[in-house]
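Asks: From first to last, the protein sequence lines stand for chains D and S. Quick note: the first sequence uses this note's numbering, first residue 2, plus one each step. Quick note: the second sequence uses this note's numbering, first residue 2, plus one each step.
Think of the hints as simulated: they come from the structure by calculation, not from any bench. A couple of the hints might just be wrong.
[To be verified] Just some of the chain D residues that point at chain S, by a computed CB distance under 10 Å:
no., residue
1, 30
2, 33
3, 39
4, 43
5, 50
6, 102
7, 104
Predicted model, so just to flag it, every value in this text is computed and none were measured. Idealized CB from N, CA, C, for every residue including glycine.
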Amino acid sequence: QQQVKQSPQSLIVQKGGISIINCAYENTAFDYFPWYQQFPGKGPALLIAIRPDVSEKKEGRFTISFNKSAKQFSLHIMDSQPGDSATYFCAASPSGGSNYKLTFGKGTLLTVNP
Amino acid sequence: NAGVMQNPRHLVRRRGQEARLRCSPMKGHSHVYWYRQLPEEGLKFMVYLQKENIIDESGMPKERFSAEFPKEGPSILRIQQVVRGDSAAYFCASSPNGQSGYTFGSGTRLTVV
C-alpha cells in the first residue's frame, strides 16, 4: 500500500522554467508534509515543509501548495537552475505518537537543462 | 557541527556474511532513525531508537536485522546472513526530539554479491 503517491517520475525543464512536482496522500492522520532534495551519493536534505493549517508556504524559489480537501500537495521551483537537478521526494508524517515516522513518495528525478 | 555521520560509505558483503552499519548522530541529538532505500524507490522507515532503547521497530524485517543505540558510541544496524535483496542504501537520521524534522546522513550503500 503506497500511502504517498508522487508524480511525475522524471521531469526535464529548461533553465529559468518552473518545475512542478505533485504528491497525493491517503492517510488523513498526516499533518506534516516535507520535501527532500537528494543529490547522487548523498542523503536527503530537508528543503521545505508545510502543515495543513496553511495552503501555501514559500521559501526563496521554492513553494509548497497544499490542498487539504483533495489530499494533495505540490512543490513548485521557480526560475529553475541546473544546480537544482536532483531527485525530489515528498513525504508525510502523522500527528500523535508516531509523528516521527515519515512515509516517502517514490521520488522525481529533475533535470534542468542549461 | 559535523552532521550525521555514517560509515562505511560503501560496503560489499558476500551472501551469508554479516553487515554492520554505523551511525553517529548530530551533537546533542539522542533520537536516531534508520531508513532503507531500494533502487528507484523512496525511503522506507525501519526503526527508531533513543539511547539504549528501541522505540519503534515496526519497519524492520523480523529476521536477520537488528539495531542498537548504546549509551556510549554510535547506533549500529546489523544484518546477519545477508542476501542479495538486502542490497540497498541505508540512511540514518537524527533529531533532538522525537519528531520528523530530522537530518539525514549520507548513507551506507550495501552491495551483496
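Asks: Determine for every hint whether it applies to the structure shown.
Replies: Structure-based check of all given hints:
1. Contact between residue 30 of chain D and chain S, as hinted, is not supported at the beta carbon level, the nearest pair being about 13 Å apart and thus beyond 10 Å.
2. At a threshold of 10 Å, the smallest CB-CB gap from residue 33 of chain D to chain S is about 6 Å, leaving the interface hint in force.
3. Annotation: interface hint on residue 39 of chain D holds; nearest CB of chain S at approximately 9 Å, less than 10 Å.
4. Taken as an interface hint, residue 43 of chain D checks out: its beta carbon lies about 5 Å from the nearest beta carbon of chain S, inside 10 Å.
5. With a cut of 10 Å, the hint placing residue 50 of chain D at the interface with chain S holds, because the nearest CB-to-CB distance is about 7 Å.
6. Given the 10 Å rule on beta carbons, the hint for residue 102 of chain D holds: about 5 Å separates it from the nearest Cβ of chain S.
7. Below 10 Å, beta-carbon pairs count as interface contacts, and residue 104 of chain D has one with chain S at about 7 Å; its hint therefore holds.
In summary, the one numbered hint that this structure violates is 1.
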